[in-house]
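2 protein chains.
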Amino acid sequence: MTEPDASPRSRRHGGRDAKRAQRLAQVATSVPFITRKIPSFEVLGEEGLSLIEQNADTVLQEIGIDFKGDPEVLEIWKKAGAEVQGERVRFPRGMCREIIRKSSPAQYTQHARNPERNVVIGGKNVVFAPNYGSPFVRDLDRGRRYGTIEDFQNFVKLTYSTPYLHHSGGTVCEPVDLPVNKRHFDMVYAHMRYSDKPFMGSVTHPERAQDTVEMSRILFGANWIDPETGRPRTVTTSLINANSPLTWDATMLGALKVYARNNQATLVTPFILAGAMSPVTSAGTCTVTLAEAMSGIALTQLLNPGAPAILGSFASSLSMQSGAPTFGTPEPALVLYTMAALARRLNLPFRSGGSLCASKVADAQAAYESANTMIPTCLGGVNFVLHTAGWLEGGLSIGYEKFVMDLDQAGMCHALLAGVDTSENGQAMDAIREVGPGKHFLGCDHTQRNFETAFARAPLSDNNSVEQWEAEGSLDMAQRANATWKKMLKEYVDPGLDPAIDEALLDYMARRKGSFPDSNV
Amino acid sequence: MTEPDASPRSRRHGGRDAKRAQRLAQVATSVPFITRKIPSFEVLGEEGLSLIEQNADTVLQEIGIDFKGDPEVLEIWKKAGAEVQGERVRFPRGMCREIIRKSSPAQYTQHARNPERNVVIGGKNVVFAPNYGSPFVRDLDRGRRYGTIEDFQNFVKLTYSTPYLHHSGGTVCEPVDLPVNKRHFDMVYAHMRYSDKPFMGSVTHPERAQDTVEMSRILFGANWIDPETGRPRTVTTSLINANSPLTWDATMLGALKVYARNNQATLVTPFILAGAMSPVTSAGTCTVTLAEAMSGIALTQLLNPGAPAILGSFASSLSMQSGAPTFGTPEPALVLYTMAALARRLNLPFRSGGSLCASKVADAQAAYESANTMIPTCLGGVNFVLHTAGWLEGGLSIGYEKFVMDLDQAGMCHALLAGVDTSENGQAMDAIREVGPGKHFLGCDHTQRNFETAFARAPLSDNNSVEQWEAEGSLDMAQRANATWKKMLKEYVDPGLDPAIDEALLDYMARRKGSFPDSNV
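Residue numbers (our numbering), protein chains in the order written: chain A, 11 to 531; chain B, 11 to 531.
Extracted from the complex, chain A is given alone in its bound form (with noise of 0.2 Å):
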């Protein structure tokens, strides 16, 4: 009578239908991204947002963004209208959003070369993308180590062989075994080889982003100019940070001109932990968040107006007690809803979130921080997730189980996106009345009908009985999905590479990597 009681009588029920269950297990979502059918979440009416956006045109007329070391960007700026003093450049009222408003797309497709794993970034899509920037790796038999090229090439694959991430992300770890000024190669050339899922570009150098854009030349041959508008099709999305507070760089401006030249997207994004980077509230870390952003973008629209670019927020709350990052607490979810709604009405895609923690482990701690994050990453309404799976340690590593527990996660994200199906089906009229008080739907003909598609399933998730799950080893969610990444690798299989694609991509890669010697800086 009281609420668990209720457990083993339905336990009892359902095993009855084991040899189903078989099957089921096979039954998977894919699509190539997410349309979501929920409405999105705010947390700030018209009044609070304007208020906000008033702030950000506040900060960038009076304050203004430092654009470091590229004196063409101050040209750029100059040219626009804004005033320049050195690299600070102030902005007349509106007019970065009069800028992004003209031009900048709220939607665009990146395309893959498998053009059936096109993603459509913006408006009411979704799209998942895997961990991003960790130099190490954590798996439960080898522990913390630097990531190598291996290691990277496994989560392309790994990537590659799941429904629930659409993207293949960028640099999902670092190949700390590879030479820095050359190991973008080999990351572009891992996504391009084993995967035909879309990916993102390098952004550590202006030459290592044309790489990129030459890399993605030859793999897109006939297909990289689209004919009708005779620009090149946007085939990456990649990763700009700005160097918060109110600071571009160099090195992420330079990266920025090549790809919005090339009509190549960008993920303009203020990577902000508040607190150090911004202020310790909400409201003043979406201000700071709003005003570095749009400076980003419209800097876009004015190299290559059309050019798409993504608005970006990520922001972390810094522990007051120890200055180090923290995940999953409110104060950043308050953020991503915010920035979110600020994002629609800029009329830009938006990009935030994903399975973030600051736990070493895929323990508890991991697993709340995570969801805390990825809830907030679905209701808010983001377009383009990073950091989907993977994630741990602040992003300094990336975990091969935490991994595949994400993937579960990001997987019911979907049936989470779909809502509630108000069809006379998802009604169930004839189920309720076929069945009537006392008895149960497990045997009637609408649960019949339903049963292979009905629920969203965590297959690392144990629901068995606790006597069960002992005779099985005891095993903590950490554990069992130690089997289920090796299992998916071994059963991992080739999208295959056209053999002139790949001749000629690997060609261009020996003449540049021996065009100049090797470094680490």
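If you're looking for bench data, these hints aren't it; they were derived computationally from the structure.
Check each hint, because a few of them may be wrong.
Since the list can't tell identical chains apart, any single copy or any two copies may satisfy a pair.
[Claimed, not checked] Here are the simulated DSBU-like pairs of lysine-lysine, each with C-alpha atoms no more than 35 Å apart in a straight line:
no., residue 1, residue 2
1, 449, 112
2, 449, 47
3, 192, 449
4, 134, 47
5, 88, 496
6, 112, 167
7, 523, 134
8, 449, 89
9, 88, 449
10, 47, 167
11, 497, 88
12, 78, 496
13, 134, 497
14, 500, 523
15, 500, 88
16, 78, 449
17, 496, 89
18, 88, 167
Given the coordinates of chain A, assemble chain B onto it according to the supplied hints.
Only chain B this time, still in chain A's reference frame:
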């Protein structure tokens, strides 16, 4: 430049304020209950909600509800105009809704013996209560075992000790070492003796509900009757589960009658494992839930117009593979959002959610699933949250470590529900002006002023460097939590109870316990 690179930088800056960190550890939000400042998230619009309401009315009219083993209740329904055939009651369209609208309060005050702990349930308020109903208890030292009255007292003390649970709950665990027919005395007494927060009464037999009322009368003494209304004050909120689908049994009806007639609140909750007690769809599950809940709440109003009742929804989706209940999946979250909206349309307080999970231990599975339920709980607009802390294994166990881990999360929910502060201090324009591009905010005036209250904290989350974490023993969150609950129990301070009242309670219990033999049925 890539995202994780920013972390070490800020870590260096942050450590210097270590002295004040000590003080910060003391700062805690202490409110008798939460009043939400963010909107409620809804997944269905007017059309979808109205469709479910119509379907629920159809269920009540055409199929009806079984009221088992209680001729008096059948008589009451007959008099009210329902059609009664055997134990089946069918309701003229809209009848239940009309009865509810006429007298069921939108919110009510549950009085605590310490008036500062009174909670207002309904409207924009959120009240957190601990786990309910688990026969087993788990901790890292002793593993899983049957609950005892000592465990029960421990959880009452832990609940009393935290600022993040506002309500002492009810059957926090089953004290299996006491006879079934007498353990309710000791449970109710523990809430009265070891805490001064509001609590729940016994529902396992009408006589036990009556004992709860008698003991409450003793505890509240002169305050039992509200002089303004001449009616008993509402000092308990008790859990009445339907025997879904579409059935109320004699035990629950008996307890409901006792509480409603004594003006005590009932939490009228269909307990539904979707796929077994309801169709495999979210809309179908909401229809069954709404029909059952309306029939139960309408009955409270026929018994005693104005007696407080909460519309409850507990939904889990069944694993179609094993028949086991699952938690933290998207469908129950969609049901929660929808039922919360339906309760608001009925102008009733709403109960749902909590930190639900199927995991046997406090691992990543437990945390993902709990967060996947607690965030919807906060965003959906739940007023009374049972199972906020401790739940494991589909409710069969309560975990000591899980309990304190969930408390951290409950603490952070306070900040989430407080929303974005758009005051002048929240906007922090003075900070942005003071710091400017390229500097950091750690030392600015605004940060200094807001240092102690900035950012919600989860003390069990480890945000330190991996080196420090390893130096401290590489403990996962559950291992860290083991020390926390022991420290809390050690530092528990008795709220004190008037010795005359205590004696009267003990005397009542002794007399009643002596008046009939022990039994375990």
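Okay, the hints, checked on the actual structure:
1. In this assembly of identical chains, residue 449 and residue 112 lie within 35 Å of each other by CA distance solely across copies; the values are 32 Å between and 61 Å within a copy.
2. In this assembly of identical chains, the alpha carbons of residue 449 and residue 47 lie at most 35 Å apart only when taken from the same copy (33 Å versus 42 Å across copies).
3. Taking CA atoms no more than 35 Å apart as the test, residue 192 paired with residue 449 passes between copies only; the shortest distance there is 32 Å, against 66 Å inside one copy.
4. Taking the closest pair of Cα atoms, residue 134 and residue 47 come within 35 Å of each other both inside a single copy (8 Å) and across two copies (27 Å).
5. When the C-alpha separation of residue 88 and residue 496 is checked against a cutoff of 35 Å, the pair qualifies neither within a copy, at 55 Å, nor between copies, at 64 Å.
6. In this assembly of identical chains, residue 112 and residue 167 lie within 35 Å of each other by CA distance neither inside one copy nor across copies; the values are 40 Å within and 62 Å between.
7. In this homomeric assembly, residue 523 and residue 134 never come within 35 Å of each other (Cα to Cα): the closest approach is 41 Å inside a single copy and 63 Å across copies.
8. Only between protomers do residue 449 and residue 89 lie at most 35 Å apart by alpha-carbon distance; the minimum there is 28 Å, versus 75 Å within a single protomer.
9. In this assembly of identical chains, the alpha carbons of residue 88 and residue 449 lie at most 35 Å apart only when taken from different copies (24 Å versus 75 Å within one copy).
10. Taking the shortest alpha-carbon separations for residue 47 and residue 167, only the intra-copy value of 30 Å comes in at or below 35 Å, while the best inter-copy value is 44 Å.
11. Taking the shortest alpha-carbon separations for residue 497 and residue 88, neither the intra-copy value of 57 Å nor the inter-copy value of 63 Å comes in at or below 35 Å.
12. For a Cα distance limit of 35 Å, the shortest separation of residue 78 from residue 496 qualifies neither inside one copy, at 45 Å, nor across copies, at 54 Å.
13. Proximity of residue 134 and residue 497 under a CA criterion of 35 Å is satisfied intra-copy only: 34 Å inside one chain copy versus 48 Å between copies.
14. When the C-alpha separation of residue 500 and residue 523 is checked against a cutoff of 35 Å, the pair qualifies only within one copy, where the shortest distance is 31 Å, while the shortest distance between copies is 65 Å.
15. Taking the shortest Cα distances, residue 500 and residue 88 never come within 35 Å of each other, neither inside one copy (56 Å) nor across copies (67 Å).
16. Taking the shortest alpha-carbon separations for residue 78 and residue 449, only the inter-copy value of 14 Å comes in at or below 35 Å, while the best intra-copy value is 71 Å.
17. When the C-alpha separation of residue 496 and residue 89 is checked against a cutoff of 35 Å, the pair qualifies neither within a copy, at 56 Å, nor between copies, at 67 Å.
18. When the C-alpha separation of residue 88 and residue 167 is checked against a cutoff of 35 Å, the pair qualifies neither within a copy, at 46 Å, nor between copies, at 67 Å.
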